[in-house]
Structure formats: C-alpha cells, structure tokens
Amino acid sequence: MGLEGHVSISLLLSEQGVQRSIVKSKRPLLAQALLAGSHAKDVPQKIGLVFNLCAKAQASASVFAIEQACQNQVSDDACAVRAQLVRMELIREHLWRICLDWPLLRGGVAEHALMKQVLVLDKEWKTCLDADDQAFILGGEVKPPLKSKASSIALKLGTLLKEHIFYMPPKAFYACKGAEEYLLWAQYTQMNAPQFMQRLVLKGWQCIGQTSTKVLPQFELAWLDKALSGDGAEVFLQQPNVDGETCESTPYARQQSHPLIVELEQKYGLGLLVRFTAVLLELAKTYLDLEKALMQFESKCKLLGKTSANTGYGFVEAARGRLLHRVVLDEAQKVKTYQIVAPTEWNFHPGGVLKNALETLQGDAEVIEQQARLLIHAMDPCVKFDLEINHA
Amino acid sequence: MCLAIPARIVAIDEANDMATVTLGNVKKDISIALIEDAKIDEYVLLHVGYALHKISEEEAARTLALFDEAEILEEFTGETTEVKA
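Protein chains in written order, with the working numbering: chain H, 1 to 392; chain P, 1 to 85.
The following block holds chain H by itself, in its conformation from the complex (with noise of 0.2 Å):
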C-alpha cells in the first residue's frame, strides 16, 4: 500500500450489465501514527505539510479541532483568513478536474496552460492572504489582507472563470435556474465544461448511475464523540456511516437545493449530469463568497458545540466533501489520539453511494467501462484507483 493510498474498484459483469461491485479503499490511517506524542502547538503544521494536497483545508480543520482542545479563543481574522484560504483550495481543486480530467475523458487534451495560471493565482492568493504562514499557528497573529491586493487577484480568477469555464460571470452562471436554459449553454458554448455536459447528452448519459443516497447530515457532537471514541471508532474511521446507514458528502450533497439540480434531477434522476453539474455550481458558489467575504467581515467560526476537556474538533467543507478532524491531548497538551474522517471514507465506503451507482450499469463491457469511470470521477477519490472488469 502507498502513502497516496489507492481505491480499487472491481466489477463483475453478467449479460444484462454490472451484476456485482467492490469498492476498496487502502488508505493508510496515518494521523495517528504521524501525530501521538506531537505537542498540541506544532500540529497544524505537521499536518499542513503532511496532507499537502487539501492542506488549507487539513490545516484549517486542525488547527480549529487544536484550539478547541486548548481551550483557545480564535480570532475573527483567523477565521475569515482560513475561510478565504480555503475556498481558494477548493476553486483550484475543482478546477483540476475540470481542466485536466474532463477533457481526457470526453477524449481530448488536458488544459495544462489554464491550469498553470490556476495555479499561479493559488499561490498570489496564499501570499497576499498569509504571507507569513500565521493563519493555520494556534495563537498565530493573523493580520486582515490587504484589500485591494485579495480584490485583483479575485478580478483574475473572476475573468477566467468567465473565459475559460463559464463563457458568462460566475454569478450568472449560479443564477441559471432552468435545465432548458443549461443545456442550452451545454449545446452551444464551445468550450471544455459545457461540451463535456454536452458529451453526456449526445450520449445519452444524463442518467447514468442513478442512486437514492442519503447525505451526509450536519454532525452533531455527541454522536461525533460515541463512534470515534468507542472500540468501534478504528472501523468508523475506515468505513463510516449513521446509524448504520452509508452517506454521501460530495458538492451534489451541498448543492442539491439548488433549482438547476432540482429541476434536472427530477428529469433525469441523480446520474451523471447532476452530479458533474453540482461541481460547476460549487465552482461559481464558491468564487461568489470568495468575492463576498472581500467586501464584507466574514461572521464567527463553525464549531461544534463545546466539547469534554482536552477534546477538539474541525471539520472543514473540502473540495471532495466534509472532512473532520478530532483531537485528544493529555495533560502536557500532547496528543494521546488523533483522527482523521476524510471525504473519500464516505464516498467510497465498500457499500457506499458509489457501489450503488456502479451496480446501476448495464450494456457492453466497453459501454459500461467508460460509465464506470465517469461515476468515479463524478465522486472523485483524490488518489488513485484501479478499475478492473471481470465476466461472470
């Protein structure tokens, strides 16, 4: 098993399509054998490094999860500038699906420019935001940005948004509220994120993977405290659910009240197009309340609730879903337990929403092959996976 970890996904195909589906997720638990003895103070940074791919986001939930423990009260700038530090992430993230996996898999050529300039705005974000790396310190003296500095380089990321994703701002993007006007847009704009919802379309593919899921709820804390401190909690951290019941915490689970999403889950049931489609919403949400919190204080942290002495929890909304971070520290405040609940866990639980959607499939092997992997981009694992299709 890697460090990166790696999902491994196998179907077992009969004449009428996908007869069976397993889901395996190897990802190694490292929080804990990374962090046991760490002292509370250098956490966030150990984590920021280690978890690097999301680690605004990694940060961001630990060090909140750590102040927690401690007993620390947080600043408003901190949480406004983890806030903005992290909606940034998100944007970059959803951006490298767009760029460099949508076109590949609707048989084109990654967008490794527009990507690069992604980038690069990701990292004048971090520099005008936290120049000197104190938003993820507990204690850490975190200054209000320079506005006018956050503001141009928001304009930046507002124009590509609109050039090269969009074809429109991205709050007239969000204000699309008809399927018919969308599919439109998907039929007529020439360019990667429309002509990929086109591609599905053409295909007739809007429905494919249909599942009824259950989403992720809000947590509630002595539920949070009763599966990850029980002897359970090593099983909850690798394949978690409620009440027995797997969950889905993907951007569709936070932007299915949307009116686009409703209106073409009614039509077409929640299949390829309404989860590809959510990512795009959340893309145009997210830049909404980048801009947004530019021009407005942004209110107090999400906590959850108060908690037992020497315990602590950050939960973050990631790029991939809800990631949680949960805390025990002794008496010295060096950590005696640290967990991780990451999205993938969720989305990719052997008897999860992706399972679910996968046993959906039916025609030829080729057909189902290239369906399979649109559902597991649709939910994106963040690692690697393998696909492997066997005949019964």
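FYI, nobody ran anything at the bench for these hints, they're computed from the structure. Accuracy of the hints is not assured; some may be wrong.
[Claimed, not checked] Taking lysine-lysine and the DSS-like style, the derived pairs with C-alpha atoms no more than 30 Å apart in a straight line are:
1. H:K116 x P:K39
2. H:K267 x H:K41
3. H:K126 x P:K54
4. P:K27 x H:K26
5. P:K27 x H:K24
6. P:K54 x H:K355
7. H:K26 x P:K54
8. H:K334 x H:K302
9. P:K28 x H:K123
10. P:K39 x H:K126
11. H:K143 x P:K28
12. H:K214 x P:K27
13. H:K384 x P:K54
14. H:K116 x P:K54
15. H:K149 x P:K54
16. P:K54 x H:K147
17. H:K123 x P:K27
18. P:K39 x H:K384
Given the structure of chain H, go ahead and fit chain P onto it with the hints provided.
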C-alpha cells in the same frame, strides 16, 4: 488521504513535459506540465501523475522526516529517505 509526496527530479524529458523522479528506491515518470522551469535535483510534490509544484529542499526534508519519524516511509519505499545534500 490527500497526500502529495515530495520527490527529487532525476531526469527530464523536455519534449514531452515529463520527468523521472525518485523517492527512496522508487522511480516514477510524471508530468511536469504544470510547473515552470523544472530542473534536475529539484524537489516537487507529486500527485496522481503530476508534479503539483516545486518545494524547497528544506520543506522536502521536513516532510520526509515526518514520514520517517512515523516509520511509514519504509513501508512505501523499502528504505528510509534522506534529502540529498
């Protein structure tokens, strides 16, 4: 879990925007299309076949030391890892 692994560039294929990187005794071919001006002996963060961005030798050393400390890098590479001086 959202890990990107630091690795050292040991060869570059400029025509194809590809590089060979090494981590311990593991070698991999990766795309360097997303980073500017990659050079041999520089460190990059790897993620799903791409060099995500360059990192300093110091940051690579700190990250790899954390893995070594937790004795989990050995499982991956078959050896502990030192950043080349």
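Query raised in the report: Failing hints, ascending?
Result: When the structure is compared with the hints, numbers 2, 6, 11, 12 turn out to be violated.
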